[in-house]
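*Asks:* In the order they appear, the protein sequences are chains A and B. Position 393 of the first sequence, counting from 1, maps to 392 under numbering that gives the first Met the number 0, and the rest follow consecutively. Position 144 of the second sequence, counting from 1, maps to 143 under numbering that gives the first Met the number 0, and the rest follow consecutively.
Derived from the structure by calculation, the hints contain no laboratory data. Note that the coordinates shown come from a computational prediction; the quantities given were computed from them, not determined experimentally. Treat the hints with care, since some could be wrong.
Here are the simulated EDC-like cross-link-like pairs (lysine to aspartate or glutamate), alpha carbons at most 16 Å apart as the crow flies [claimed, not checked]:
1. A:K137 / B:E54
2. B:K178 / B:E70
3. A:K506 / B:E59
4. A:K58 / B:D160
5. B:K155 / B:E200
6. A:K498 / B:E54
7. A:K313 / A:D289
8. A:K506 / A:D66
9. A:K220 / A:D179
10. A:K506 / B:E163
11. A:K506 / B:E158
12. A:K506 / B:D160
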Amino acid sequence: MSQTRSVVIVGGGTAGWLTAGLIAANHKGHLSVTLVESPNVKIIGVGEGTWPTIRNTLKKIGISETDFLRACDGTFKQASKFVNWTTGDDHYYHPFMLPKAYDQINLAPYWQAQPNGLSFADAVSYQPAACAQDLAPKTVTVPEFGAITNYAYHLDAGKFAPFLQKHCVENLGVRHVLADVTQIENDEDGYIARLLIDGGEAIAGDLFIDCTGFLSLLIGKHYGAEFTSCADQLFIDTALAIQVPYEHEDAPIASVTKSTAQRAGWIWDIGLTRRRGIGHVYSSRFLSDDEALADLKAYIGPSGAHLTFDEVRKIPIRSGHRQTPWVKNCVAVGLSSGFVEPLEASSIVMAELSAQMIADQMPVNRTAMAVVEKRFNATLNYRWARIIDFLKLHYVLSQREEPFWVANRDPSTIPESLKDLLSLWRYHFPWHDDLDRRDEIFPTASFQYVYYGMGGRTDPGAFPKTPDWPTAIGHFQEVARARQAVTGQLPTNRTLLNKISQFGLQKV
Amino acid sequence: MVNQVPLSHEVHSGLRIMTHPSARFGSQVGFVGVIPREYTRLVAHYPIFFRKNAENGRFEPGVLLGFNSSENLFLVDERWDAAYAPLHIQRQPFLIAQAGENHVVTLDIDSPRVQREQGELMFHDDGRATDYLQQITTVLTDLAEGTRPAYDYAAKLAEYDLIESIRIDVQFVDHSEVKLEGLYAVSAEKLQALAGEKLVELRDLGYLTWAYYQLASMSHIAGLVARKNRLISGLK
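Same shape as in the complex, but just chain A (with noise of 0.2 Å):
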């Protein structure tokens, strides 16, 4: 029996320094980790948004805080925030938090059966008055990775696959092989053998792991693993990128993702250390690329009036995933196994809980190999119809009425699983039942953000019939009582950023 010694990554972008990272440090000694890399490959790097599971992640590898904040001009980021999405004139936020109480008490009904004017996310949770404000999550007396607030950060990718690879070279001991993959041989059972590289050397492993982006050199090209498109579902297939300095060195620093709505798409907003990165994410179904420059434009403001497509990056976004990720002893891991618009920061995320999920399952032989197979077909294919579930949801509450957004809420686009939730909510207040995983990519929290968030509204007789009001009022009470008291604590983003780039967070 073939025992599993040695797991070769194809790639070097974010997810594939993720996988090598999260597998060298969980197998270390036990497992011979390869990275190889073409030289010749432009990584697709734009400021990205993560989840704050990215924390644990780094932590897992081995990374300071402090080094990767540093490193990558990473901010801290505590939300999304929704501009123009449900009216066109109008704002809402979806937290990193979970609602108050969130494990014991539905604050759902009692808020909406007591408007006070409050939105949903502020009746439950401080943490939107933290990002009006620009706040960041903690304190500078905070240890690495400790939080005040539930934060992510944002990153400039095109510097954290860098970073990533110098410590996984450095010290997990990974080997970085920069050559370019010229072919793939399979042995007799139609698992892959090995990878002839460029220069003629032959790489052998146990497992393989497509981190090759797009391109999905193994997964796609060798497997030939049947892609499924969500097009009829996400309209989003064009991207229009690009960075924007600040007006000042002390200009603040936003602690969300800022995503506007546009006549068809919406503009992401992201605040890194010295610059922002800006992205109008549009359906060409629906807009030229002329047009979606003129949005990107009127968007930076005078700043951005000059701006040419020599400027812009144009990225295509085929959206949609591998039916199968993982086929014998290959597995997918990011732009590879699917992509989606980037509306929730999934992409990141997608990665690491993959990443994840093969360091922690990693199969010693053939015959745990074919099993875990089919169990990570399993749950990412269930992840990815939630993903979409999620980022549908945004587009069907709109309200708005350009030919995007109405075509977005015709119910042929929409998924059975978001019909069916979209029908029980309005009997019934979102809560923990009603998805089906104990590791959900999404809580329900998030869907509650975003339903009460776009007016989403459930019929009132769904009110607990033995209602706790003293207990739902005391947590009304708490959060506007922490506030005050968190938010008159906490420093600005910028603030604690320059603490750090200065004097380092301690470890403990």
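Fit chain B to the given chain A structure using the hints.
*Replies:* Just chain B now, with coordinates in the frame of chain A:
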């Protein structure tokens, strides 16, 4: 409010300083910063911890004097109840400030310690510093020279992961409870496991000795609890 002015014999010759500790002089502090060159004397009386500077998050050493920020269990009837008081206690109400290359002694002119009738004179009639002021100047110089080594020492220990966060949960004789957070100590386990070049480096820098003083000083936490219990029981 604190109002530090440069000390000068022309302006301040007639003034006297009340030197004893007292609640009315602001001696009710639960924690005070220290420097490593005091450790040989501190270790006989106080638990020596690190805490984080609120402005920059760096570790700085200090001794615990009570169980909240304004409780000083060593302040007993306007007397310091230990044979040695930390330099930052002794220096009151003076400070030392950097002025170019030189250090300048400053005085908190609004401190209630500053008097005309009672207390220690700072200057003789001919303008020479009194023994008292000379002693204060020594204290201030020690502090000025010892602050940087204190930070460097703490930073090196942090770099080698030798500092751990500790929580102190105490129940006193009246069953009242207190939880102290934000205190850090030298990790005995990790210090013991240190080997090779790092160990030699710490020894050569003199940090190893300081680290062991801090470890030894932890036994005074029990002494501090005993002081508090005596206070609660009405014993002196």
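*Asks:* Holds or violated: are the alpha carbons of K155 of chain B and E200 of chain B at most 16 Å from each other?
*Replies:* holds (10 Å)
*Asks:* Going straight from one Cα to the other, do K506 of chain A and E59 of chain B come out at no more than 16 Å?
*Replies:* holds (15 Å)
*Asks:* Does the alpha-carbon distance linking K506 of chain A and E163 of chain B stay inside the 16 Å limit?
*Replies:* Between K506 of chain A and E163 of chain B the Cα gap is close to 9 Å, so the pair holds against 16 Å.
*Asks:* Is the Cα-Cα distance between K313 of chain A and D289 of chain A 16 Å or less?
*Replies:* holds (12 Å)
*Asks:* Has the given pair, K506 of chain A with D160 of chain B, been kept, meaning a C-alpha gap of at most 16 Å?
*Replies:* Distance of about 8 Å is within 16 Å: holds.
*Asks:* Need the status of pair K506 of chain A, E158 of chain B: alpha-carbon distance at most 16 Å?
*Replies:* It holds: about 9 Å lies between the C-alpha atoms, which stays within 16 Å.
*Asks:* Holds or violated: are the alpha carbons of K220 of chain A and D179 of chain A at most 16 Å from each other?
*Replies:* Holds. K220 of chain A to D179 of chain A sits at ~15 Å (cutoff 16 Å).
*Asks:* K137 of chain A and E54 of chain B were given as a pair; does the straight-line alpha-carbon distance stay at or below 16 Å?
*Replies:* At roughly 13 Å apart (the allowed maximum being 16 Å), E54 of chain B and K137 of chain A satisfy the hint.
*Asks:* Does E54 of chain B lie within 16 Å of K498 of chain A when you go C-alpha to C-alpha?
*Replies:* Given that 16 Å is the threshold and the Cα spacing comes to 8 Å, the pair holds.
*Asks:* Given the hint that K506 of chain A pairs with D66 of chain A, test it: the Cα-Cα distance must not exceed 16 Å.
*Replies:* Satisfied, since the Cα-Cα distance of roughly 11 Å is no more than 16 Å.
*Asks:* Does K178 of chain B pair with E70 of chain B here, judged by a C-alpha cut-off of 16 Å?
*Replies:* Roughly 14 Å between the alpha carbons, so the hint for K178 of chain B and E70 of chain B holds.
*Asks:* Given the hinted pair K58 of chain A and D160 of chain B, is their alpha-carbon gap at most 16 Å?
*Replies:* With a Cα-Cα distance of about 15 Å, the restraint between K58 of chain A and D160 of chain B holds, given a limit of 16 Å.
Taken one by one, the earlier hints all hold for this structure without exception.
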